[in-house]
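The primary structure of each chain is shown beneath.
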Amino acid sequence: EADIYQTPRYLVIGTGKKITLECSQTMGHDKMYWYQQDPGMELHLIHYSYGVNSTEKGDLSSESTVSRIRTEHFPLTLESARPSHTSQYLCASSGPGGTSPLHFGNGTRLTVT
Amino acid sequence: SQQGEEDPQALSIQEGENATMNCSYKTSINNLQWYRQNSGRGLVHLILIRSNEREKHSGRLRVTLDTSKKSSSLLITASRAADTASYFCATDARRRTGTPLVFGKGTRLSVIA
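Chains A and B, in that order, are what the protein sequence lines are.
Numbering-wise, my numbering comes out as the position in the first sequence, counting from 1, plus 1.
Numbering-wise, my numbering comes out as the position in the second sequence, counting from 1, plus 180.
Same shape as in the complex, but just chain A (with noise of 0.2 Å):
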């Protein structure tokens, strides 16, 4: 198993809460990625970052925001939760070059009622 930790594994919150989502790695990759996908669906992307103070928007427009302050760090946070948020949030990172495999955390599932 790849050193991709993310908390919390399960969230439940109401609707119009803040929330940050964690991904940290130890691998020290430059590249960390966060997907969003519906149980049993495909991965949208909706993040990533190619180092440190950059960070890009990826293909499913999302309320999110993140931030790359520290190499290992990428959070992922919800200014106003709403139901339509509720899904399974992956974050991943991936080594140097173009043929580095990702490395996936186990995920935040996130409900908001």
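Quick caveat, the hints were computed from the structure, so don't treat them as lab data.
Be aware that a few hints might be false.
[Unchecked claim] When the alpha-carbon atoms are kept at most 25 Å apart in a straight line, the in silico DSS-like pairs for lysine-lysine are as follows:
| # | chain 1 | residue 1 | chain 2 | residue 2 |
| --- | --- | --- | --- | --- |
| 1 | B | K285 | B | K249 |
| 2 | B | K236 | B | K285 |
| 3 | A | K58 | B | K285 |
| 4 | B | K236 | B | K249 |
| 5 | A | K58 | B | K249 |
| 6 | B | K206 | B | K249 |
| 7 | B | K206 | B | K250 |
| 8 | B | K285 | A | K32 |
| 9 | B | K250 | B | K285 |
[To be verified] Here are some chain B residues the structure puts well away from chain A; computed CB gaps all over 10 Å:
| # | residue |
| --- | --- |
| 10 | I193 |
| 11 | N198 |
| 12 | T200 |
| 13 | L223 |
| 14 | R240 |
| 15 | T247 |
| 16 | K250 |
| 17 | S251 |
| 18 | D263 |
| 19 | D272 |
| 20 | A293 |
We treat Cβ as the ideally placed atom computed from N, Cα and C, and that holds for glycine.
Given chain A's structure and the hints, the job is docking chain B onto it.
Showing chain B alone in chain A's frame:
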């Protein structure tokens, strides 16, 4: 739009049988990767095949790539109940250097003991 599309969406076989999953993609690629996802967990990298390779083996896995048809297949031989999972192909678009991987919709494999 998604780069990769897996086929079939779901597959149910008996233990010991072979499982074949297919992936089609739309644009030229540098490489294609296959990942496995157990229920409620993150994805795990299985194998990578470069665009100049036609076939690759890893244990009970065999991957083929046909760039003229923009398709790939993943064969799992002598399947086991522990192979029950979802399998995703992922591609990087050659025309955009550094583009993050785009995942297909996945094939849900059930291996019945």
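Against the structure, the hints:
1. B:K285 - B:K249: holds, 19 Å
2. B:K236 - B:K285: holds, 22 Å
3. A:K58 - B:K285: holds, 21 Å
4. B:K236 - B:K249: holds, 17 Å
5. A:K58 - B:K249: violated, 31 Å
6. B:K206 - B:K249: holds, 9 Å
7. B:K206 - B:K250: Holds - the C-alpha atoms of K250 (chain B) and K206 (chain B) are around 7 Å apart, at most 25 Å.
8. B:K285 - A:K32: holds, 23 Å
9. B:K250 - B:K285: Since the Cα atoms of K250 (chain B) and K285 (chain B) sit roughly 16 Å apart, the hinted pair holds (cutoff 25 Å).
10. I193: With a cut-off of 10 Å, I193 (chain B) remains clear of chain A, as the shortest Cβ separation is near 18 Å.
11. N198: holds, 23 Å
12. T200: For T200 (chain B), whose nearest Cβ neighbour in chain A is about 20 Å away, the distance exceeds 10 Å, so it holds.
13. L223: violated, 5 Å
14. R240: At about 19 Å from chain A, R240 (chain B) clears the 10 Å cut-off, so the statement holds.
15. T247: holds, 16 Å
16. K250: holds, 18 Å
17. S251: Since the minimum Cβ distance to chain A is about 18 Å, S251 (chain B) lies beyond 10 Å and the statement holds.
18. D263: Holds, because the least Cβ-Cβ distance between D263 (chain B) and chain A comes to about 17 Å, which exceeds 10 Å.
19. D272: Violated, because the least Cβ-Cβ distance between D272 (chain B) and chain A comes to about 7 Å, which does not exceed 10 Å.
20. A293: holds, 22 Å
Violation of the numbered hints given earlier is confined to hints 5, 13 and 19; the remaining hints are satisfied by the structure.
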